[in-house]
Amino acid sequence: MLNYLWGFMILAGMCWGAANGELEVVAQGLVDSAGEAVELGLTMLGIMSFWCGILKVGSQAGLIDWLAGKMGPLLDFLYPKLEKGHPARQPIAVNMVANMLGLGMAATPAGLAAMKALQQGREEPSNRHIATDPMCTFLIINISSLQLVPINMIAYRNQYGSMDPLGVLGPALAATACSTLTAVVFCKCMDRKNRGRKVMGE
1 MLNYLWGFMI LAGMCWGAAN GELEVVAQGL VDSAGEAVEL GLTMLGIMSF WCGILKVGSQ
61 AGLIDWLAGK MGPLLDFLYP KLEKGHPARQ PIAVNMVANM LGLGMAATPA GLAAMKALQQ
121 GREEPSNRHI ATDPMCTFLI INISSLQLVP INMIAYRNQY GSMDPLGVLG PALAATACST
181 LTAVVFCKCM DRKNRGRKVM GE
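Per the numbering used here, numbering through the sequence shown is continuous, rising by one, with the last residue being 202.
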């Protein structure tokens, strides 16, 4: 779907430029944007590689296991159906920490691992196409993504010459705190609603 959307936008821009006699400006914009994309990609690749390396070192050093243990009460609150030794708890903790640091790209591998672990641990193989409550909660919390330090956003602002790259800290923290709080309240309300349905069904 996104491929069609981007293709439509490119064709629309080129047709608009041709209709207004500014096709050369459109072509120059494409060339300039391609160069900026490569430069930005290299910058973000360095940042992502650095933090992925930090997470890998932390995992091998046992820091991630320690962190997952410290986040136990929070994980118990958010995912009451996951037992203490569930294999999804560690990648969920890594995903949450990476999102708090604003490293959405670095959080993706841990998020995929968490979803895979949640899927493998299911007891109903016939309903594997239906998302469970922990899956839905993880997806919602991951999307809301509380960000204490939006590193990616700071890098973007610095790349494009912002006079105050760190100026986004306050607004980002306030916005993501509200979104995460809303997500948690929503998940808890749905959990209570589902429990009520099960009790009435019994």
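Any given hint might turn out to be false.
[Said to hold, decoys possible] Result set (DSSO-like, lysine-lysine): computed pairs, CA atoms no more than 27 Å apart in a straight line:
id, residue 1, residue 2
1, K116, K188
2, K56, K84
3, K116, K70
4, K188, K56
5, K193, K81
6, K84, K70
7, K70, K188
8, K81, K70
9, K70, K56
10, K193, K56
11, K188, K81
12, K116, K193
13, K116, K84
14, K81, K116
15, K116, K56
Calculated directly from the structure, the hints in this document are not laboratory data. Since we're looking at a predicted model, the values are computed, not measured.
These are the hints, each one checked on the structure:
1. A threshold of 27 Å between alpha carbons decides the hint, and for K116 with K188 the separation of about 23 Å falls inside it, so the pair holds.
2. Between the alpha carbons of K56 and K84 the distance comes to roughly 23 Å, so the proposed pair stays at or under 27 Å and holds.
3. Note on K116 and K70: the hinted pairing holds, with a Cα-Cα distance of about 23 Å set against a maximum of 27 Å.
4. Using a Cα cut-off of 27 Å, the hinted pair K188 and K56 is violated, with the two alpha carbons roughly 32 Å apart.
5. Only pairs whose Cα atoms come within 27 Å are accepted, and K193 paired with K81 is accepted, the gap being roughly 15 Å.
6. With a CA separation close to 12 Å, the supplied pair K84 and K70 stays within the 27 Å bound.
7. Between K70 and K188, the direct Cα distance comes to roughly 22 Å. Compliance with the 27 Å bound is thereby established for this hinted pair.
8. For the proposed pair K81 and K70, the alpha carbon gap of about 18 Å is at most 27 Å, so the pair holds.
9. Restraint check for K70 and K56: the C-alpha separation of about 18 Å stays at or below 27 Å, so the hint holds.
10. Only pairs whose Cα atoms come within 27 Å are accepted, and K193 paired with K56 is rejected, the gap being roughly 39 Å.
11. Annotation: proposed proximity of K188 to K81 holds, straight-line Cα distance about 12 Å (limit 27 Å).
12. Of the pairs offered as hints, the one joining K116 and K193 holds, with about 26 Å between alpha carbons and a cut-off of 27 Å not exceeded.
13. With a C-alpha separation of about 17 Å, the suggested pair K116 and K84 falls inside the 27 Å cut-off, and the hint holds.
14. In summary, the hint linking K81 to K116 is supported, as the alpha carbons are separated by about 16 Å, within the 27 Å threshold.
15. Distance check on the hinted pair: K116 and K56 sit about 19 Å apart at the alpha-carbon level, within 27 Å; holds.
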